[in-house]
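Under the numbering used here, think of the first position of the sequence shown as 1, with each following residue one higher.
Keep in mind the hints are simulated off the structure, nothing from the lab.
Some hints here could point you the wrong way.
[As the list claims (entries may be wrong)] The calculated DSS-like cross-link candidates involving lysine-lysine, where the alpha carbons are at most 25 Å apart (straight line), are:
id	residue 1	residue 2
1	K46	K119
2	K69	K120
3	K123	K69
4	K23	K46
5	K120	K90
6	K114	K23
7	K29	K87
8	K70	K46
9	K70	K16
10	K115	K29
11	K29	K70
12	K43	K23
13	K87	K69
14	K70	K43
15	K55	K120
16	K115	K16
17	K55	K123
18	K16	K114
[Stated by the list, open to error] Derived DEER-like restraints, expressed as beta-carbon distance ranges:
id	residue 1	residue 2	range
19	G100	K23	29 to 39 Å
20	I128	D98	16 to 26 Å
21	N127	S45	14 to 24 Å
22	K46	D22	27 to 37 Å
23	S34	G100	14 to 24 Å
Computed from a prediction, not measured in an experiment: that's the story for all the values here.
Think of the CB as a built atom: it goes at the ideal place given N, C-alpha and C, for glycine as much as any other residue.
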Amino acid sequence: MSYIKFKELSKYFDFKEEIAVDKLPDYAKEYVSSQETILGSYKNSKDYAVFTDKKMILFDRDTLAVYYKKIHIFPYVSISSGAINFKPGKVELLFSFDSGYQLHINFIDMNHDKKERLKKTYKTMLNIKL
1 MSYIKFKELS KYFDFKEEIA VDKLPDYAKE YVSSQETILG SYKNSKDYAV
51 FTDKKMILFD RDTLAVYYKK IHIFPYVSIS SGAINFKPGK VELLFSFDSG
101 YQLHINFIDM NHDKKERLKK TYKTMLNIKL
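Construct the entire structure; sequences and hints are all you get.
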């Protein structure tokens with residue numbers, strides 16, 4: 001008998017706009033516990049990302065099916081390796097998880113202050129002492 005572990009292909013997200021916590025939709029706030037602090041939240045035309053001090057939550061909405069959304073929750077303890085790439089006006093986060101899942105997140109239209117906030121969030125994600 002053979003066993004095949006399901007592993008989704010690498011996922012890519014592109015986020016353009018940082019948003020305030022009070023601007024997040026209610027369904028996004030439902031996944032954040034009262035013991036967590038939101039470090040940052042981002043959106044593009046259809047998706048949202050919420051970064052807390054314990055996990056990252058990505059909401060992948062399908063533009064064709066209004067009620068379809070896939071919710072990815074990644075506890076930071078499951079990150080096996082990560083990389084942050086700074087480019088002019090852009091930041092890329094790359095992660096590999098214990099499960100073998102890989103994730104690539106792009107943040108575009110980033111100025112220096114936005115890059116610094118994202119760098120601080122990244123350090124929290126990988127438990128790097130600030």
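Going through the hints against the structure:
Straight-line distance between C-alpha atoms of K46 and K119 comes to about 24 Å, which keeps the hinted pair within the 25 Å bound. For the hint linking K69 to K120, the alpha-carbon distance of about 28 Å lies beyond 25 Å, and the restraint is violated. Taking the CA atoms of K123 and K69, the gap is about 28 Å. The hint is violated against a cut of 25 Å. For the hint pairing K23 with K46, the CA-to-CA distance comes to about 14 Å; that is within 25 Å, so the pair holds.
Only pairs whose Cα atoms come within 25 Å are accepted, and K120 paired with K90 is accepted, the gap being roughly 16 Å. Our distance criterion of 25 Å between C-alpha atoms is met by K114 and K23, whose separation comes to about 18 Å. Among the hinted pairs, K29 with K87 is inconsistent with the structure: their alpha-carbon atoms are about 31 Å apart, more than 25 Å. Between K70 and K46 the CA atoms are separated by roughly 12 Å; this keeps the pair inside 25 Å, and the hint holds.
Of the pairs offered as hints, the one joining K70 and K16 holds, with about 19 Å between alpha carbons and a cut-off of 25 Å not exceeded. With a C-alpha separation of about 24 Å, the suggested pair K115 and K29 falls inside the 25 Å cut-off, and the hint holds. Restraint check for K29 and K70: satisfied, since their Cα atoms lie roughly 15 Å apart, inside the 25 Å limit. The straight-line distance between the Cα atoms of K43 and K23 is roughly 10 Å, inside the 25 Å bound, and the hint therefore holds.
Restraint check for K87 and K69: the C-alpha separation of about 30 Å exceeds 25 Å, so the hint is violated. For the hint linking K70 to K43, the alpha-carbon distance of about 15 Å falls within 25 Å, and the restraint holds. With a C-alpha separation of about 14 Å, the suggested pairing of K55 with K120 holds against the 25 Å cut-off. At roughly 12 Å between alpha-carbon atoms, K115 and K16 fall within 25 Å of each other, so this suggested pair holds.
Taking the CA atoms of K55 and K123, the gap is about 13 Å. The hint holds against a cut of 25 Å. Only pairs whose Cα atoms come within 25 Å are accepted, and K16 paired with K114 is accepted, the gap being roughly 11 Å. Distance hint check: the CB atoms of G100 and K23 are about 34 Å apart, consistent with the given range 29 to 39 Å. Checking the proposed 16 to 26 Å range against I128 and D98 shows it holds: the Cβ atoms sit about 18 Å from each other.
Range check, N127 to S45: about 32 Å between beta-carbon atoms, so the 14 to 24 Å window is missed. The hinted window of 27 to 37 Å between K46 and D22 is violated, with their beta carbons roughly 20 Å apart. The given range of 14 to 24 Å is broken by S34 and G100, whose C-beta atoms sit roughly 32 Å from each other.
Hint compliance for this structure: hints 2, 3, 7, 13, 21, 22 and 23 are broken, all remaining hints hold.
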